[in-house]
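Peer 1: The lines below spell out each chain.
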Amino acid sequence: MAELTMIEAINEAMRQEMERDSRIIVLGEDVGENGGVFRATDGLLEQFGEGRVFDTPLAESGIIGTSIGLAINGMRPIAEIQFLGFVYQAMDQLAAQAARIRFRSAGRFSCPIVVRSPYGGGVRTPELHSDALEALFAHSPGLKVVMPSNPYDAKGLLISAIRDEDPVLFLEPMKLYRAFRMEVPEEPYTIPLGQARVVKEGEDVTILTWGPTVPLVAKLADEMRTKGIDAEVIDLRCLQPLDIDAILASVEKTGRVMIVHEAVKTGGFGAEVAALISERALFALSAPIVRIAGYDTPYPVPSVEDDWLPNAERIVEGIETLLRY
Amino acid sequence: MFDPDKLPVEIVRILDENGNGDEEKLAAFSDEWLLRAYREMRRARVIDERLLRMQRQGRIGTYAPFSGQEAAQIGSALALRKDDWIFPSYREVAVCLMHGMPLEQFFHYVQGRLSGKRMPEGLNIFPTQIIIAAQTLHAVGCAWASKLKGESQVSVAYFGDGATSEGDFHEAMNFAAVYNVPVIFFCQNNQYAISVPYRKQTASRTIAQKALAYGMKGVLVDGNDVLAVYETMKQAVEAARRGEGPMLIEALTYRLGPHTTADDPTKYRRPEEVEAWRTKDPLYRLRVLLKRRGLWTEAQEEALVAQVNDEVTAAYEAAIASKSGSIVDVFDYVYSEAPTLLAEQKEEVMRRKQRSGVR
Numbered sequence: 001m002a003e004l005t006m007i008e009a010i011n012e013a014m015r016q017e018m019e020r021d022s023r024i025i026v027l028g029e030d031v032g033e034n035g036g037v038f039r040a041t042d043g044l045l046e047q048f049g050e051g052r053v054f055d056t057p058l059a060e061s062g063i064i065g066t067s068i069g070l071a072i073n074g075m076r077p078i079a080e081i082q083f084l085g086f087v088y089q090a091m092d093q094l095a096a097q098a099a100r101i102r103f104r105s106a107g108r109f110s111c112p113i114v115v116r117s118p119y120g121g122g123v124r125t126p127e128l129h130s131d132a133l134e135a136l137f138a139h140s141p142g143l144k145v146v147m148p149s150n151p152y153d154a155k156g157l158l159i160s161a162i163r164d165e166d167p168v169l170f171l172e173p174m175k176l177y178r179a180f181r182m183e184v185p186e187e188p189y190t191i192p193l194g195q196a197r198v199v200k201e202g203e204d205v206t207i208l209t210w211g212p213t214v215p216l217v218a219k220l221a222d223e224m225r226t227k228g229i230d231a232e233v234i235d236l237r238c239l240q241p242l243d244i245d246a247i248l249a250s251v252e253k254t255g256r257v258m259i260v261h262e263a264v265k266t267g268g269f270g271a272e273v274a275a276l277i278s279e280r281a282l283f284a285l286s287a288p289i290v291r292i293a294g295y296d297t298p299y300p301v302p303s304v305e306d307d308w309l310p311n312a313e314r315i316v317e318g319i320e321t322l323l324r325y
Numbered sequence: 326m327f328d329p330d331k332l333p334v335e336i337v338r339i340l341d342e343n344g345n346g347d348e349e350k351l352a353a354f355s356d357e358w359l360l361r362a363y364r365e366m367r368r369a370r371v372i373d374e375r376l377l378r379m380q381r382q383g384r385i386g387t388y389a390p391f392s393g394q395e396a397a398q399i400g401s402a403l404a405l406r407k408d409d410w411i412f413p414s415y416r417e418v419a420v421c422l423m424h425g426m427p428l429e430q431f432f433h434y435v436q437g438r439l440s441g442k443r444m445p446e447g448l449n450i451f452p453t454q455i456i457i458a459a460q461t462l463h464a465v466g467c468a469w470a471s472k473l474k475g476e477s478q479v480s481v482a483y484f485g486d487g488a489t490s491e492g493d494f495h496e497a498m499n500f501a502a503v504y505n506v507p508v509i510f511f512c513q514n515n516q517y518a519i520s521v522p523y524r525k526q527t528a529s530r531t532i533a534q535k536a537l538a539y540g541m542k543g544v545l546v547d548g549n550d551v552l553a554v555y556e557t558m559k560q561a562v563e564a565a566r567r568g569e570g571p572m573l574i575e576a577l578t579y580r581l582g583p584h585t586t587a588d589d590p591t592k593y594r595r596p597e598e599v600e601a602w603r604t605k606d607p608l609y610r611l612r613v614l615l616k617r618r619g620l621w622t623e624a625q626e627e628a629l630v631a632q633v634n635d636e637v638t639a640a641y642e643a644a645i646a647s648k649s650g651s652i653v654d655v656f657d658y659v660y661s662e663a664p665t666l667l668a669e670q671k672e673e674v675m676r677r678k679q680r681s682g683v684r
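Residue numbers (the working numbering), protein chains in the order written: chain A, 1 to 325; chain B, 326 to 684.
Pulled out of the complex, with its shape left as it was, chain A reads as follows:
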């Protein structure tokens, strides 16, 4: 089994799926000759040619809007939005068009496209490159929202996304693209969309997180064991569909919940998770739910982003607060 980085796993998933299904095409800005600004599409143009891999004009709405037309007429497009903050320019085509084709046609047409996009902070990008906008799309019925946090999951989830009949927004944490290597099976495999992963089992407190914050949370949970705190860490992996059963099972066990995400706190998906828990497991709780998230400001400048992001200090403090009850 090869040890791959997340970006290599993503590349392998696309290559293998393109070998399997000739309807799959890749389109986006710089995805061809350049192989993507992060090399996600490296080598695909060389292997599959200009009839399968397209360097598009610089136009986000155009990339997603044409993908919709391609999909309803039998192709399976994988579109790349170079950085998630640029998706605002394609908001209508993603949230009001792709997401709603099935509904608008009462099931006559479906829209099997995958929109991949790097996102998330901690890598010192210019403005609007790091924003975590998953809540906007989890709030758009018809879209699926998938957020891997390691190479193995990235490959299996991306293959599932490509084979899915619905439009999937596949969000790739930039910070984790090359953060570590992991054994990834060479053969194609799938991980069902909507299944959370228990990163670490524990009894004292449940930490729910996804995307770029997963490795940090897992590391802190390990360190806490030496202090006698046994935290359970769950990587949601998908916000839509959401694995509500996994969340509730853990909450029933520990009675204490912390939610960690990078997106701004107010109206973030953490609020949705907290509301679901209060609807369904209120009396299992021994303490109020704690949310550690980005602050309610635009994503800040590089010199202060480490203090803005959910960091070790804030997460540890959150756990201590939870355990005081």
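By construction, these hints were calculated from the structure, which means they are not laboratory data. Just to be clear, a hint being listed does not mean it is correct.
Negatives, chain B to chain A, calculated, CB over 10 Å [said to hold, decoys possible]:
id : residue
1  : D347
2  : F354
3  : L360
4  : N499
Selected chain A positions facing chain B (in silico; Cβ < 10 Å) [to be verified]:
id : residue
5  : S67
6  : F109
7  : S110
8  : A179
For each residue, glycine too, the CB sits at the ideal point set by N, CA and C.
Chain A is already provided as a structure; the job is to place chain B on it using the hints.
Peer 2: Just chain B now, kept in the frame of chain A:
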């Protein structure tokens, strides 16, 4: 220097406002074809007028009438093959009917039924677009797929003059020309985007000339001349099928009625302007030609109107007599398979329905 004022503006016209035209060009159209075009336009006008009345009577929801634009819609649709794709906005009712949409289906739509959202199988008509110009990109993607698959269908994006101000229109034109795909951008310039007139919408003298900036052909056609529209569209379709890429057609026309049943056009248009356009009515000029050739009589006109009125009544009655659908159904159209939380909501609704004893 490029001076837009020095750009020649030519308009394609075969039949003028009085039903006269170059005999040589007219000869290309058979009597049978002329009669068919007229019958379809007349049918569309009757349907439009009835729908407007039915909206006023509260029998259907908000409606966007198209009277005045019959030649643009019927003429362009007549040039298409049954397997070509069309991407309509909300004003393309005549196009959809001409392309095979059953009238009963449209009644389901304007009555706000879920069944009205689903085009019959095999009909390559994309669902009605509400967001201005969004469908232009879908048409480009669809045409792109046809090209990649080596198939010969063309895709047609229908939109109005207002849509040419939207970013999606420009992105669609650019993508279409870069990838040289078989798509036709068919703009019905009906002079108004709700209340905003053409001169406040764009500073370019014509919409057709916008094609130049993208590297594609553009044509300005008299949109009230069904012969000219058909001929122009036919050439565009044939060129696209031959692999010569996209084309922008501007059909210069006029919406005689309101934008929708929700606005009052007397607030933003002078009656003299509307009257001036009434003399350019697309039905009138073809009827004059038909009568002159002895192909059409008042009796035939009356019989046709009566027949279409009966057809409308029958379609309306069939639509209201059929099952109207229920809130339970909406959950089935969101994802290929309902996620847990959505499935739970559906169950909740079903329980509520069962309790109250209604389906």
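Peer 1: It remains to establish, for every hint, whether it holds in the given structure.
Peer 2: Evaluated hints:
With a cut of 10 Å on Cβ distances, D347(B) stays outside the contact zone with chain A, its closest approach being about 39 Å. Interface exclusion of F354(B) from chain A stands, the closest Cβ pair being 33 Å apart, more than 10 Å. With a cut of 10 Å on Cβ distances, L360(B) stays outside the contact zone with chain A, its closest approach being about 34 Å. Not every Cβ of chain A is farther than 10 Å from the Cβ of N499(B); the closest lies at roughly 5 Å, contradicting the non-interface assignment.
Given the 10 Å rule on beta carbons, the hint for S67(A) holds: about 6 Å separates it from the nearest Cβ of chain B. The beta carbon of F109(A) comes within 7 Å of a beta carbon in chain B, closer than 10 Å, and the hint placing it at the interface holds. For the restraint placing S110(A) at the interface with chain B, the shortest Cβ-Cβ distance is roughly 6 Å, inside the 10 Å limit, so the hint holds. Evaluation of the A179(A) hint against chain B yields a violated restraint, the C-beta minimum of about 30 Å exceeding 10 Å.
Of the numbered hints stated above, those contradicted by the structure are hints 4, 8, listed in ascending order.
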